[in-house]
Amino acid sequence: RKEVEQDPGPFNVPEGATVAFNCTYSNSASQSFFWYRQDCRKEPKLLMSVYSSGNEDGRFTAQLNRASQYISLLIRDSKLSDSATYLCVVLHNAGNMLTFGGGTRLMVKP
Amino acid sequence: GAVVSQHPSRVICKSGTSVKIECRSLDFQATTMFWYRQFPKQSLMLMATSNEGSKATYEQGVEKDKFLINHASLTLSTLTVTSAHPEDSSFYICSARESGAGRDEQYFGPGTRLTVT
Chain U
55 RKEVEQDPGP FNVPEGATVA FNCTYSNSAS QSFFWYRQDC RKEPKLLMSV YSSGNEDGRF
115 TAQLNRASQY ISLLIRDSKL SDSATYLCVV LHNAGNMLTF GGGTRLMVKP
Chain H
279 GAVVSQHPSR VICKSGTSVK IECRSLDFQA TTMFWYRQFP KQSLMLMATS NEGSKATYEQ
339 GVEKDKFLIN HASLTLSTLT VTSAHPEDSS FYICSARESG AGRDEQYFGP GTRLTVT
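Protein chains in written order, with the working numbering: chain U, 55 to 164; chain H, 279 to 395.
So here's chain H without its partners, still in its complex pose (with noise of 0.2 Å):
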């Protein structure tokens, strides 16, 4: 099946500085592509939908200035946590659309555990 990988997979910053998180579709296209987040014991939170070559779109109650979101191809999304703060350590996974061809399916990354000291 389609293979989504996240990198990194584990991370730990100081507060105040910011984190990339990388979302590649391995062996498909996606034109969109969608971020997670996840705090322990609670279930996963649609954070933004990324659409390639446009802006991403934003769940309430999440800053688009704190959560950057750049598709900038086909099979990249990128997520950038900027002046990161303790609560924002949590499980960030991305999932991929595939559609096209008689499929539409999405596809999760492994997860980015994100912690911030």
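Isolated chain U (complex conformation) (with noise of 0.2 Å):
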């Protein structure tokens, strides 16, 4: 089973719509919690945080439910621009280490 596990998509969707991804992580101990976005052929670029208590930026929303070892973002009125891969990262503490989910591509339609 891998660590952090993403379900890869596509996802087509049209612009305006609202998309969720979603990610589950195995390790218990992790501590922080992260969604990257990857454009084809670069680098992966930090898009927010997560945070226990969820957390908003502009048209994002982030949520992490420990309990259930669970991470999700929300992505509405999406925008062409916004096509590209979404990562889930976790980071464990020890070492400082981030470990990638898979990463789920996003594909916004016009």
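A portion of the hints provided could be inaccurate.
With a straight-line Cα cutoff of 30 Å, these simulated DSBU-like cross-link-like pairs (lysine-lysine) come out [stated by the list, open to error]:
{"id": "1", "chain 1": "H", "residue 1": "K298", "chain 2": "U", "residue 2": "K99"}
{"id": "2", "chain 1": "U", "residue 1": "K96", "chain 2": "H", "residue 2": "K333"}
{"id": "3", "chain 1": "U", "residue 1": "K56", "chain 2": "H", "residue 2": "K333"}
{"id": "4", "chain 1": "U", "residue 1": "K96", "chain 2": "H", "residue 2": "K342"}
{"id": "5", "chain 1": "H", "residue 1": "K292", "chain 2": "H", "residue 2": "K319"}
{"id": "6", "chain 1": "U", "residue 1": "K56", "chain 2": "H", "residue 2": "K319"}
{"id": "7", "chain 1": "H", "residue 1": "K298", "chain 2": "H", "residue 2": "K344"}
{"id": "8", "chain 1": "U", "residue 1": "K96", "chain 2": "H", "residue 2": "K292"}
{"id": "9", "chain 1": "U", "residue 1": "K96", "chain 2": "H", "residue 2": "K319"}
{"id": "10", "chain 1": "U", "residue 1": "K96", "chain 2": "U", "residue 2": "K56"}
{"id": "11", "chain 1": "U", "residue 1": "K163", "chain 2": "H", "residue 2": "K319"}
{"id": "12", "chain 1": "U", "residue 1": "K133", "chain 2": "U", "residue 2": "K163"}
Among chain U residues calculated to face chain H with C-beta under 10 Å, some are [unchecked claim]:
{"id": "13", "residue": "V58"}
{"id": "14", "residue": "P62"}
{"id": "15", "residue": "Q92"}
{"id": "16", "residue": "R95"}
{"id": "17", "residue": "E97"}
{"id": "18", "residue": "P98"}
{"id": "19", "residue": "K99"}
{"id": "20", "residue": "V143"}
{"id": "21", "residue": "G157"}
{"id": "22", "residue": "R159"}
So the derived list for chain H, only partly shown, Cβ under 10 Å to chain U, looks like this [claimed, not checked]:
{"id": "23", "residue": "F312"}
{"id": "24", "residue": "K319"}
{"id": "25", "residue": "Q320"}
{"id": "26", "residue": "L324"}
{"id": "27", "residue": "F369"}
{"id": "28", "residue": "E383"}
{"id": "29", "residue": "Q384"}
{"id": "30", "residue": "Y385"}
{"id": "31", "residue": "F386"}
{"id": "32", "residue": "G387"}
{"id": "33", "residue": "P388"}
{"id": "34", "residue": "G389"}
These are computed hints drawn from the structure, not numbers from a lab. Think of the CB as a built atom: it goes at the ideal place given N, C-alpha and C, for glycine as much as any other residue.
Hints in hand, dock the two standalone chains.
Here's what the structure looks like:
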């Protein structure tokens, strides 16, 4: 079983749609959680951190459920520019190592 | 924000040769840098953790004699792929950890695409 699992997609949605991505992690000792965005052939870029209380940044909302070891990302009013692969990332404080999920590919169509 | 550079951005080499990839933190000192590898349509996989002034820590399954890591200064880590083979063709990405003064973040380099023919 992978440490961080995501539905690979692709998710094909029209502009303006709301789309949700899910992620589960297996290490209950994981301390910090993030969503990264990766465009084709580019390095991943931090989209947002995920906090236990849930957090929002514009059209993006992240949620964390520690009991279920589950993380989500909601994108409202999708834009064409949101097309990318979204990576769920977990940080183990020991060694400060990031573990990446396989990524979920999003394609927003006009 | 902090910037991490990698050089070269793209390299093509012949099987059996060695390739060196540089990772630099441009405006901060990084005591720890990480090297990742990403095959097509797959996620990033951590190869090794590079600590300034000490030996790198390799992940299980990564050959330390094949992937030589040198972290000679607080702003530079190098990854040398020795005796490269076509199966080493991949996207290699480094990240640098900035810590101290209330900060603890990792920044990714732009990646190096290696093609071994």
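Hint by hint, here is what the structure shows:
{"no.": "1", "hint": "H:K298 with U:K99", "verdict": "holds (24 Å)"}
{"no.": "2", "hint": "U:K96 with H:K333", "verdict": "holds (28 Å)"}
{"no.": "3", "hint": "U:K56 with H:K333", "verdict": "holds (28 Å)"}
{"no.": "4", "hint": "U:K96 with H:K342", "verdict": "holds (26 Å)"}
{"no.": "5", "hint": "H:K292 with H:K319", "verdict": "holds (24 Å)"}
{"no.": "6", "hint": "U:K56 with H:K319", "verdict": "holds (16 Å)"}
{"no.": "7", "hint": "H:K298 with H:K344", "verdict": "holds (12 Å)"}
{"no.": "8", "hint": "U:K96 with H:K292", "verdict": "holds (24 Å)"}
{"no.": "9", "hint": "U:K96 with H:K319", "verdict": "holds (13 Å)"}
{"no.": "10", "hint": "U:K96 with U:K56", "verdict": "holds (24 Å)"}
{"no.": "11", "hint": "U:K163 with H:K319", "verdict": "holds (21 Å)"}
{"no.": "12", "hint": "U:K133 with U:K163", "verdict": "holds (8 Å)"}
{"no.": "13", "hint": "V58", "verdict": "holds (8 Å)"}
{"no.": "14", "hint": "P62", "verdict": "holds (8 Å)"}
{"no.": "15", "hint": "Q92", "verdict": "holds (8 Å)"}
{"no.": "16", "hint": "R95", "verdict": "holds (7 Å)"}
{"no.": "17", "hint": "E97", "verdict": "holds (4 Å)"}
{"no.": "18", "hint": "P98", "verdict": "holds (6 Å)"}
{"no.": "19", "hint": "K99", "verdict": "holds (7 Å)"}
{"no.": "20", "hint": "V143", "verdict": "holds (9 Å)"}
{"no.": "21", "hint": "G157", "verdict": "holds (5 Å)"}
{"no.": "22", "hint": "R159", "verdict": "holds (9 Å)"}
{"no.": "23", "hint": "F312", "verdict": "holds (7 Å)"}
{"no.": "24", "hint": "K319", "verdict": "holds (8 Å)"}
{"no.": "25", "hint": "Q320", "verdict": "holds (7 Å)"}
{"no.": "26", "hint": "L324", "verdict": "holds (6 Å)"}
{"no.": "27", "hint": "F369", "verdict": "holds (7 Å)"}
{"no.": "28", "hint": "E383", "verdict": "holds (8 Å)"}
{"no.": "29", "hint": "Q384", "verdict": "holds (7 Å)"}
{"no.": "30", "hint": "Y385", "verdict": "holds (9 Å)"}
{"no.": "31", "hint": "F386", "verdict": "holds (4 Å)"}
{"no.": "32", "hint": "G387", "verdict": "holds (6 Å)"}
{"no.": "33", "hint": "P388", "verdict": "holds (5 Å)"}
{"no.": "34", "hint": "G389", "verdict": "holds (5 Å)"}
In this structure, every one of the numbered hints holds.
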